[in-house]
Amino acid sequence: MTSILILGAGGHAKVVADILIGQGIEVMGYLDDNPQTWNTKPLNIPVLGPTHIYAQYEADGMIIGIGSNIIRRSLVDQLGADGRVSWANAIHHQSIIAPSVRLGVGLIIAAGAILTPDSVIGDHVIINTAATVDHDCQIGAFCHIAPGSHLGGGVQVGEGTLIGIGATVLPYCKIGCNVTVGGGAVVVNDIPDGMTVKGIPAR
Numbered sequence: 001m002t003s004i005l006i007l008g009a010g011g012h013a014k015v016v017a018d019i020l021i022g023q024g025i026e027v028m029g030y031l032d033d034n035p036q037t038w039n040t041k042p043l044n045i046p047v048l049g050p051t052h053i054y055a056q057y058e059a060d061g062m063i064i065g066i067g068s069n070i071i072r073r074s075l076v077d078q079l080g081a082d083g084r085v086s087w088a089n090a091i092h093h094q095s096i097i098a099p100s101v102r103l104g105v106g107l108i109i110a111a112g113a114i115l116t117p118d119s120v121i122g123d124h125v126i127i128n129t130a131a132t133v134d135h136d137c138q139i140g141a142f143c144h145i146a147p148g149s150h151l152g153g154g155v156q157v158g159e160g161t162l163i164g165i166g167a168t169v170l171p172y173c174k175i176g177c178n179v180t181v182g183g184g185a186v187v188v189n190d191i192p193d194g195m196t197v198k199g200i201p202a203r
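According to our numbering, the residues represented by the sequence shown are 1 to 203, in order.
Note that these hints are calculated values from the structure, not bench results. Owing to the predicted nature of the structure, the values given are computational and were not obtained by experimental measurement. A hint or two may mislead.
Mimicking SDA-like on lysine to any residue, the simulated pairs with C-alpha atoms at most 20 Å apart in a straight line are [to be verified]:
#, residue 1, residue 2
1, 174, 136
2, 14, 25
3, 198, 182
For each label pair, taking beta carbons as the anchor points, the in silico distance ranges come out as [to be verified]:
#, residue 1, residue 2, range
4, 85, 46, 17 to 23 Å
5, 183, 74, 23 to 29 Å
6, 153, 23, 26 to 32 Å
7, 199, 38, 37 to 43 Å
8, 11, 58, 23 to 29 Å
9, 203, 153, 21 to 27 Å
10, 111, 3, 20 to 26 Å
11, 192, 2, 40 to 46 Å
All C-beta atoms, glycine included, are put in the ideal place defined by N, C-alpha and C.
Based on the sequences and whatever the hints tell you, model everything.
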């Protein structure tokens, strides 16, 4: 893909734009439903208007530059029925991804992220700055693995889950869907769906 629209125009969208520029990909602009962002130029790239006008632009693909798992899922649900939408990946040139890792679409893999063999990354996942995903992990769609967090080998993470900044998940733990793991937490046991946990050990 050679030209991309970014949905969202906040701080995370700037991170995504920076990754794409580093890949040599043209960022046509941002689309954001907040009128206060319109006609601004984060990283000297224009905010063109609300998300629903995407079809006016002949971009090769789109990507969601929004950290919220809920909002990313909502946007995909809104736009997913349009067969013209092609979701791009933004993969930083200073990330490390083993050849056997299976990648979905709409991914953001930031600088310093490391993904090791035979892990599976679902659609619209964020692997943020300096996060590590060890061997044989499975990460469901719409997850956010926040900066500096670490997943041991064989960890399973359900859809829509947030692993907070600097959190650690010990090998082979199973984390359910729509879980929030607080920043700096250490997960030593399985966590059911919908839970919010924090601390050492996380509970």
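Consistency of the hints with the structure:
1. 174 - 136: 12 Å, holds
2. 14 - 25: Distance ~14 Å between residue 14 and residue 25 Cα, so the pair holds.
3. 198 - 182: 5 Å, holds
4. 85 - 46: 17 to 23 Å: Roughly 21 Å apart at Cβ, these two residues keep to the hinted range, so it holds.
5. 183 - 74: 23 to 29 Å: 24 Å, holds
6. 153 - 23: 26 to 32 Å: 29 Å, holds
7. 199 - 38: 37 to 43 Å: The hinted range 37 to 43 Å holds for residue 199 and residue 38, with Cβ atoms some 42 Å apart.
8. 11 - 58: 23 to 29 Å: 27 Å, holds
9. 203 - 153: 21 to 27 Å: 23 Å, holds
10. 111 - 3: 20 to 26 Å: 22 Å, holds
11. 192 - 2: 40 to 46 Å: 44 Å, holds
Violated hints: none; the structure is consistent with every hint.
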